[in-house]
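Student: These protein sequence lines map, in sequence, to chains A and B.
Mapping to full-length UniProt numbering: the first sequence position 110 is 110, numbers consecutive.
Mapping to full-length UniProt numbering: the second sequence position 192 is 192, numbers consecutive.
I should point out that these hints are in silico values taken from the structure, not numbers from a laboratory.
Take these hints with a grain of salt, some might be off.
You can't tell identical chains apart in this list, so a pair holds if it fits in one copy or across any two.
Calculated pairs, DMTMM-like style, for lysine to aspartate or glutamate (alpha carbon to alpha carbon, straight line, at most 25 angstroms) [what the hints assert, rightly or not]:
#: 1; residue 1: K4; residue 2: E119
#: 2; residue 1: K258; residue 2: D38
#: 3; residue 1: K144; residue 2: E127
#: 4; residue 1: K121; residue 2: E133
#: 5; residue 1: K258; residue 2: E76
#: 6; residue 1: K101; residue 2: D149
#: 7; residue 1: K19; residue 2: D32
#: 8; residue 1: K101; residue 2: D140
#: 9; residue 1: K67; residue 2: D149
#: 10; residue 1: K144; residue 2: E76
#: 11; residue 1: K4; residue 2: D218
#: 12; residue 1: K258; residue 2: E106
#: 13; residue 1: K19; residue 2: E33
#: 14; residue 1: K201; residue 2: E133
#: 15; residue 1: K121; residue 2: D170
#: 16; residue 1: K258; residue 2: E33
#: 17; residue 1: K4; residue 2: E172
#: 18; residue 1: K274; residue 2: D32
#: 19; residue 1: K98; residue 2: E172
Protein chains: 2
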Amino acid sequence: MALKLPFLQVDVFTSSPFKGNPVAVVNCMGIDESLVSDQQLQAIANWTNLSETTFLFKATTDRCDYKLRIFTPTMELPFAGHPTIGSCKAFLQFTGQKNAKSLMQECQLGIVSLTISDEGKISFKAERADVEEIPQDAIDEYRKSLQIDCLAAPKLLQVGPAWVVYLAADAESCYNANPDFAQMAATNTRYGHSGIILAGKKPGSSQDYEMRAFAPTDCVLEDPVCGSGSIALIRYLQDLHRFSETTNVSITQGGRLKRQGQIFCQIKANGDGKFSYISEGNAIIVIEGSINI
Amino acid sequence: MALKLPFLQVDVFTSSPFKGNPVAVVNCMGIDESLVSDQQLQAIANWTNLSETTFLFKATTDRCDYKLRIFTPTMELPFAGHPTIGSCKAFLQFTGQKNAKSLMQECQLGIVSLTISDEGKISFKAERADVEEIPQDAIDEYRKSLQIDCLAAPKLLQVGPAWVVYLAADAESCYNANPDFAQMAATNTRYGHSGIILAGKKPGSSQDYEMRAFAPTDCVLEDPVCGSGSIALIRYLQDLHRFSETTNVSITQGGRLKRQGQIFCQIKANGDGKFSYISEGNAIIVIEGSINI
Numbered sequence: 001m002a003l004k005l006p007f008l009q010v011d012v013f014t015s016s017p018f019k020g021n022p023v024a025v026v027n028c029m030g031i032d033e034s035l036v037s038d039q040q041l042q043a044i045a046n047w048t049n050l051s052e053t054t055f056l057f058k059a060t061t062d063r064c065d066y067k068l069r070i071f072t073p074t075m076e077l078p079f080a081g082h083p084t085i086g087s088c089k090a091f092l093q094f095t096g097q098k099n100a101k102s103l104m105q106e107c108q109l110g111i112v113s114l115t116i117s118d119e120g121k122i123s124f125k126a127e128r129a130d131v132e133e134i135p136q137d138a139i140d141e142y143r144k145s146l147q148i149d150c151l152a153a154p155k156l157l158q159v160g161p162a163w164v165v166y167l168a169a170d171a172e173s174c175y176n177a178n179p180d181f182a183q184m185a186a187t188n189t190r191y192g193h194s195g196i197i198l199a200g201k202k203p204g205s206s207q208d209y210e211m212r213a214f215a216p217t218d219c220v221l222e223d224p225v226c227g228s229g230s231i232a233l234i235r236y237l238q239d240l241h242r243f244s245e246t247t248n249v250s251i252t253q254g255g256r257l258k259r260q261g262q263i264f265c266q267i268k269a270n271g272d273g274k275f276s277y278i279s280e281g282n283a284i285i286v287i288e289g290s291i292n293i
Numbered sequence: 001m002a003l004k005l006p007f008l009q010v011d012v013f014t015s016s017p018f019k020g021n022p023v024a025v026v027n028c029m030g031i032d033e034s035l036v037s038d039q040q041l042q043a044i045a046n047w048t049n050l051s052e053t054t055f056l057f058k059a060t061t062d063r064c065d066y067k068l069r070i071f072t073p074t075m076e077l078p079f080a081g082h083p084t085i086g087s088c089k090a091f092l093q094f095t096g097q098k099n100a101k102s103l104m105q106e107c108q109l110g111i112v113s114l115t116i117s118d119e120g121k122i123s124f125k126a127e128r129a130d131v132e133e134i135p136q137d138a139i140d141e142y143r144k145s146l147q148i149d150c151l152a153a154p155k156l157l158q159v160g161p162a163w164v165v166y167l168a169a170d171a172e173s174c175y176n177a178n179p180d181f182a183q184m185a186a187t188n189t190r191y192g193h194s195g196i197i198l199a200g201k202k203p204g205s206s207q208d209y210e211m212r213a214f215a216p217t218d219c220v221l222e223d224p225v226c227g228s229g230s231i232a233l234i235r236y237l238q239d240l241h242r243f244s245e246t247t248n249v250s251i252t253q254g255g256r257l258k259r260q261g262q263i264f265c266q267i268k269a270n271g272d273g274k275f276s277y278i279s280e281g282n283a284i285i286v287i288e289g290s291i292n293i
């Protein structure tokens with residue numbers, strides 16, 4: 001059956017169009033989920049050619065505002081960062097909500113808590129951010145493929161994707177790095193790592209970082225602006241520095257791809273000795289209309 | 001200055017949505033071309049992440065119906081096949097024309113003649129299709145990277161892109177080929193070739209082919225359905241078989257990428273011993289709306 005559904009393409013982690021990371025969002029809240037097959041959703045995401053295409057459905061629980069399904073061109077994801085922020089922006093637009101301050105998103109990973117700031121920035125709290133050690137052989141191989149030294153031992157961050165966080169000497173070394181992607185992909189595959197989050201601190205700043213996200217095994221050599229990568233980085237920084245108080249981390253990303261992404265992160269002290277990891281950004285609607293599926 | 005322009009995303013060489021090759025088309029016919037910079041158009045094409053994004057402008061000559069500018073995520077192209085067919089479909093939709101049978105498209109390569117069939121299929125006539133020889137060393141390297149034999153000497157086809165046409169034993173060998181993309185990319189780069197058009201004849205058919213298009217140096221490992229590739233293939237076939245009369249060639253492409261592209265080609269005898277090379281396909285509008293630039 002041919003269906004015409006509301007469609008938005010949102011630019012995330014930017015307030016200037018074409019400078020962030022796009023996500024295509026299809027509004028399926030007006031139809032029953034059984035009307036579209038998994039194969040159909042996958043075919044749409046394969047065709048948009050964006051890193052992620054999402055589908056908003058009616059929530060299946062009263063606790064949540066909507067249910068989100070997230071697809072890359074080749075598979076469905078339990079969760080993803082920039083698609084969550086972009087889809088929340090789309091939900092607000094589709095439903096005409098102007099004053100919502102918090103929303104609950106149902107997705108395969110579980111229920112994700114979203115907050116909308118007075119200026120319209122959208123943030124999500126990470127459901128999972130676990131730190132694991134990496135074998136020395138893998139570290140040595142990553143050093144060879146990145147061709148720059150690391151400031152501290154790289155770790156594996158389980159945040160949905162399994163990102164290796166690799167800290168360069170400074171923001172400039174991060175920005176200028178020219179990785180050997182073939183070599184990096186081989187190491188990623190051998191160890192089951194999703195890719196590399198390379199970051200470097202900006203001179204004179206407290207916690208301002210330049211970041212880049214490489215995923216050469218996934219056909220995406222470099223992701224323009226990466227929400228899950230920002231969670232991986234701040235969780236890594238907390239592991240490294242053991243901040244005792246709430247700490248803000250400001251991240252820029254995408255310059256080498258002619259983007260100007262900005263991610264506002266927070267390592268939030270919960271008061272009980274534990275911490276939450278929050279990623280926030282702007283999102284703007286670039287394409288608006290409908291899609292014939 | 002913020003502008004809201006009409007936008008369509010069209011699926012080309014298919015009549016089923018998500019089974020062809022998409023192109024994003026921005027209608028700039030209502031504005032002066034000086035209002036948008038080359039940098040802005042390039043940034044939009046970089047952001048859509050499609051193989052091509054096109055911009056329709058008012059023609060600069062009375063002979064033409066519109067002027068088309070075609071961008072990949074990294075550069076402007078003088079001409080491209082599936083974007084031409086998709087943009088023609090978009091032009092008809094934007095202008096509400098239902099009965100046009102022929103149009104003239106102005107683009108960097110020159111003026112391209114377009115025809116619309118009674119069933120709505122759109123065709124273009126190749127402006128350029130020149131056959132060149134390839135060094136034996138390059139042929140040997142391509143045989144290694146494709147891991148299948150060729151039925152006849154591969155040639156270089158200058159059709160805008162410089163495609164190497166490589167004829168497999170049959171359609172099945174073409175479909176099943178698993179090229180070594182790294183090796184192919186190295187050879188493409190060394191000889192300045194854009195990529196490989198692999199094709200194989202269907203058993204029992206007169207001139208029905210399965211086709212695949214590989215461009216591993218351009219970040220697109222495999223193009224789903226390729227208009228310029230179809231021109232390269234039929235020009236190659238004419239060089240090989242020296243048909244004396246008008247010959248139709250039907251091409252399927254994209255199966256390995258879960259697409260079902262169909263290209264209807266014609267080697268047209270002009271009566272003076274010369275031939276024209278024509279590529280025809282369906283196009284359907286999938287996304288319709290506006291873009292904020």
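Student: Please work out whether the CA atoms of K121 and E133 approach to 25 angstroms or closer within one copy, between two copies, in both situations, or in neither?
Tutor: neither (34 angstroms within a copy, 58 angstroms between copies)
Student: Should K101 paired with D149 be assigned to within, between, both, or neither, using CA atoms and 25 angstroms as the limit?
Tutor: For K101 and D149, neither the intra-copy (43 angstroms) nor the inter-copy (63 angstroms) Cα distance is at most 25 angstroms.
Student: Given identical chains, is K144 near E76, meaning Cα to Cα at most 25 angstroms, within a copy, between copies, both, or neither?
Tutor: The answer is neither: 32 angstroms in one copy and 35 angstroms across copies each exceed 25 angstroms.
Student: Between the shortest in-copy and the shortest cross-copy C-alpha distance, which are at most 25 angstroms for K144 and E127: within, between, both, or neither?
Tutor: So K144 and E127 fail the 25 angstroms test inside a copy (33 angstroms) and across (48 angstroms) alike.
Student: Treating 25 angstroms as the Cα threshold, decide for K67 and D149: within, between, both or neither.
Tutor: neither (42 angstroms within a copy, 51 angstroms between copies)
Student: Within a copy, between copies, both or neither: which one fits K121 and D170 at a CA-CA cutoff of 25 angstroms?
Tutor: Neither way: K121 and D170 sit 28 angstroms apart in one copy and 56 angstroms across, limit 25 angstroms.
Student: Evaluate K4 and E172 at a C-alpha cut-off of 25 angstroms and name the case that applies: within, between, both or neither.
Tutor: neither (47 angstroms within a copy, 37 angstroms between copies)
Student: Given identical chains, is K258 near E76, meaning Cα to Cα at most 25 angstroms, within a copy, between copies, both, or neither?
Tutor: Classified as between; 16 angstroms across copies, 28 angstroms inside a copy.
Student: Up to 25 angstroms between alpha-carbons, please classify K19 paired with E33: within, between, both or neither.
Tutor: between (33 angstroms within a copy, 22 angstroms between copies)
Student: Taking 25 angstroms as the upper bound on the Cα-Cα distance, should K258 and E33 be classified as within, between, both, or neither?
Tutor: between (38 angstroms within a copy, 23 angstroms between copies)
Student: Within a copy, between copies, both or neither: which one fits K4 and E119 at a CA-CA cutoff of 25 angstroms?
Tutor: between (32 angstroms within a copy, 23 angstroms between copies)
Student: Given identical chains, is K258 near D38, meaning Cα to Cα at most 25 angstroms, within a copy, between copies, both, or neither?
Tutor: between (34 angstroms within a copy, 14 angstroms between copies)
Against the hints set out earlier in the document, violations occur for numbers 3, 4, 6, 8, 9, 10, 11, 12, 15, 17, 18 and 19.
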